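Visitor: Protein sequences, first through last, are from chains Y and D. Take 1 as the starting number for the first sequence in the numbering used here and just add one per residue. Take 511 as the starting number for the second sequence in the numbering used here and just add one per residue.
To be clear, the hints were calculated from the coordinates, so they are not data collected in a lab. Hints should not be assumed to be uniformly reliable.
As the list claims (entries may be wrong) - Calculated Cβ distances over 10 Å to all of chain D for the following chain Y residues:
hint, residue
1, I183
2, R257
3, S329
4, P330
5, M333
6, S347
7, E366
8, S372
Claimed, not checked - According to the in silico footprint, chain Y covers these stretches of chain D (three or more CB under 8 Å from chain Y):
hint, segment
9, 556-563
10, 735-743
Treat the numbers as computed from the prediction; the structure is a model and nothing was measured. Glycine is no exception: its CB is placed at the ideal position from the N, C-alpha and C atoms.
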Amino acid sequence: MTGVPLIAARGIYKAFPGVQALDNVDFDLYPGEAHVLIGENGAGKSTLMKILAGAYHPDAGTIEVQGNEVKIQNPREAHSLGISIIYQEYNLVPFLNVAQNIYLGRAPRRQTPLLGALVDHKKMHADAETLLRSLNTDVDTHATVKFLGVAQQQMCEVAKAVSVNARVIIMDEPTAALTSREIEQLFNLIRLLKSKGIGIVYISHRLNEVHEIGDRVTVLRDGRYIDTKQVSEVTVDDMISMMVGRSIENLYPRNYREPGEMALRVTGLSSQALRLRHVNLNVRCGEIVGLAGLVGAGRTELAKAIFGAAPYDSGAVEIFGQPIEKNNSPAKMVRRGVGLIPEDRKSEGLALILSVAENVVMASLERLFPRSFVSGKKEASVVDGAIKDLAIATPSGKRQVQFLSGGNQQKVVLAKWLATNSRLFIFDEPTRGIDVGAKAEVHSLMDRLVAQGAAVLMISSELPEILGMSDRVYAMHEGRVVAEVPRAEATQERLLAYMMGQENGNTRNN
Amino acid sequence: MQETAAKKPAGLRLDLSFVYRFSRIFVLALLVTFMALVTPNFLTGTNTINILRQASLSAILALGETIVILTAGIDLSIGAVLTMSGIVGATVLKMDGVPLWVGVLAGVGCGALVGLLNGLMVAVVRLPAFIATYGTMWIAQGLAVVFLRGYIIYDFDKRFRFIGTGYFLDIPMPIIIMALVFGVFWFIMHKSTLGRSLYAVGARQETARLSGINIQRTLILAYTFSGLCAGLAGMLFVARLNAAEAGLGDSLLLPVIAGVVLGGTSLFGGEGGISGTVIGVIIMMIIINGMNLLGINSVWQGPVQGAIIIIAVILDQWGRRAAARQQVGG
Ligand SMILES: Nc1ncnc2c1ncn2[C@@H]1O[C@H](COP(=O)(O)OP(=O)(O)OP(=O)(O)O)[C@@H](O)[C@H]1O
Ligand SMILES: [Mg+2]
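With these hints in hand, go ahead and build the complete structure from the sequences.
Guide: Right, dumping it as structure tokens:
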């Protein structure tokens with residue numbers, strides 16, 4: 001790389017109580033390049049980026065922006081230096097519309113005297129419109145963000161980042177919640193930004209994306225800088241071994257076996273509110289059944305209806321051969337041995353202000369402590385076991401979950417449901433935001449679960465995961481199950497066609 | 511990810527979360543020292559016992575209130591429920607041939623019942639806690655006035671009055687009863703699954719629900735506990751004053767809520783606990799007692815307590831954020 005780097009960070013250190021999050025890390029970024037940052041959960045990726053964005057202060061180290069050494073005190077200063085960040089967790093205000101979000105706190109004012117304090121809505125929407133069009137997106141500037149799909153929200157985030165005249169845009173796991181088609185859109189957008197000379201920092205756990213979008217890749221491990229390479233010089237396996245310090249033989253370890261008793265049978269389930277139409281499916285013990293579909297196909301809604309967390313209008317659900325009364329509660333389903341690992345970990349999977357331990361035992365209070373008396377010893381053994389089994393990076397079970405890295409938070413959610421000893425698990429995007437090593441572990445854990453006789457229904461937006469893990473796959477499209485595909489016949493193309501409603505499946509359901 | 515402390519530019523750094531956690535004890539110590547210096551009577555045995563005795567009644571109320579606030583709710587009815595239960599209990603005590611314990615039980619039971627109704631309104635009807643308990647407050651207070659029509663019920667059996675005025679091993683009974691209530695609640699909050707559920711519901715209700723926790727049961731129990739505490743404190747009040755009248759619980763709500771927030775329980779739920787509350791209430795009592803000893807007109811007690819609530823919440827949020835910011839750097 002030649003020329004003056006947009007950003008050059010040298011010897012960055014950052015400690016949190018009990019954790020050395022960054023330990024002498026170097027990082028630089030040139031105009032027009034996409035620099036991918038990879039590493040295991042808790043490796044320090046987000047921390048490094050938050051330092052560049054002014055959200056955290058480094059304990060030591062220097063940062064140069066276009067050749068000048070700077071101290072970035074707060075996010076506003078980062079903005080004025082041309083650095084924008086799109087956080088791992090979305091940061092849009094749900095009740096405001098797209099234009100208001102893009103220009104939050106910076107809305108254009110009316111030029112008329114006396115009315116200068118008022119927002120010039122016309123100009124704001126026109127500006128937003130121009131901006132969004134220049135990014136080749138068709139998001140409506142008047143739409144309330146709450147009602148937008150994840151992908152469109154992401155477009156707003158990018159537009160917001162671009163609108164401050166950013167020369168550097170940092171994207172922390174932008175594709176975690178996107179489906180393949182939306183990812184393609186985002187990549188086109190990134191290419192466009194690159195062609196304008198903007199530098200992109202791209203964090204992802206999806207290593208196959210690195211070659212598609214990256215120019216250089218930097219690897220962190222345990223807070224330490226491992227190496228920076230040209231993307232063209234490394235293979236996915238190289239990256240994995242740099243990240244994990246060893247190689248991972250198999251990301252999808254599966255042992256297929258004869259399925260047993262019927263664990264879940266859904267017949268004719270419909271719900272107006274959830275937009276589910278006459279859904280039929282079943283899962284047997286010993287099976288992992290994949291549920292594929294685009295965002296908005298109704299997979300999460302279906303999972304919630306089955307779990308008693310959202311009401312449905314008609315249809316029947318049977319668990320282990322027992323009919324379930326309509327509109328049951330999660331409490332009763334948990335007692336029957338059903339677990340739902342929800343998609344949205346922050347608002348549905350975790351209580352962020354409680355400790356790791358309190359979160360881990362939350363779903364198994366009745367099982368672990370049948371006499372309502374909490375034994376500290378028993379709790380500690382369950383929690384410590386979970387921390388060890390899932391390699392959750394936390395100094396102890398007492399730490400508040402909000403201080404864990406994104407992937408480790410996800411592991412806490414998994415730990416919570418594994419502690420329940422359930423026999424039917426519904427996993428909704430179980431490996432979102434999890435690093436490859438942990439992903440392989442979660443997968444082998446799922447395989448172990450079904451080997452022990454449990455049944456798994458797995459929702460995933462990653463087709464390779466669906467293909468690699470499932471005994472059978474159901475494809476959903478607009479609230480219907482449109483196809484059931486056995487493992488032998490499942491291919492990426494075929495599933496995609498069903499998911500987009502282009503083809504009718506062999507077991508059409510209505 | 512390594513389990514080592516900062517090894518590079520560590521330097522001397524005050525651990526703010528530690529300071530935050532023990533800030534209440536500092537405040538208490540400071541206050542005691544100050545009062546001891548300015549008023550000679552403050553540290554005398556009688557005054558100390560006096561403060562603790564007064565504090566124990568408020569503390570019983572505050573313990574129940576803490577549990578409700580931990581679930582991200584609030585119970586504004588405690589003062590009125592105290593009055594109503596005191597009058598119900600007193601009425602039953604005055605009936606011929608009714609054993610004393612039945613009277614006490616009637617008062618406590620009345621409080622628990624009103625608490626249960628509050629709980630049903632919040633958990634089942636899904637009214638905002640503020641509205642449900644504010645309504646209950648006026649109903650309970652109004653019923654007490656209507657029922658007594660300006661009369662006072664007074665002069666009770668000595669054995670009943672013992673729970674308010676007596677001593678056991680030289681310790682006033684209210685203090686002992688408060689300690690017992692504290693013990694029971696401490697056990698519930700820290701050693702029972704119900705305690706876990708209460709914190710979970712307060713910290714994030716949707717997560718708790720999807721984890722199979724029975725939200726309605728948990729909330730109903732929280733409000734019932736609060737009502738029960740109000741009923742018990744009502745009976746202790748009647749026993750101590752040897753009288754029941756419609757103004758029994760007036761001006762108790764304010765110091766109780768001030769004590770809870772001073773004790774570090776977050777009004778957003780899920781954070782804090784009953785141990786802090788006891789200290790918070792004692793601080794409040796010292797302030798009120800101090801104002802009396804210093805001869806400050808009692809009309810100032812309201813404004814001072816109101817200001818304390820606001821300042822305490824501001825300081826608490828600030829302290830929490832500073833401690834958290836240190837966790838996240840900066
Ligand atoms: N605010 C915080 N307070 C305390 N510890 C923190 C805080 N933020 C991060 N950490 C710790 O610092 C380490 C690095 O976290 P970071 O979020 O940078 O990881 P990451 O590489 O982004 O991981 P992931 O892939 O899981 O998002 C982790 O061990 C994490 O627990
Ligand atoms: Mg991260």
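Visitor: Give a verdict on every hint.
Guide: Evaluation of the provided hints:
no.	hint	result
1	I183	28 Å, holds
2	R257	29 Å, holds
3	S329	8 Å, violated
4	P330	5 Å, violated
5	M333	7 Å, violated
6	S347	6 Å, violated
7	E366	7 Å, violated
8	S372	5 Å, violated
9	556-563	violated (count 0)
10	735-743	violated (count 0)
In terms of the numbered hints stated before, the structure departs from hints 3, 4, 5, 6, 7, 8, 9, 10, listed from lowest to highest.
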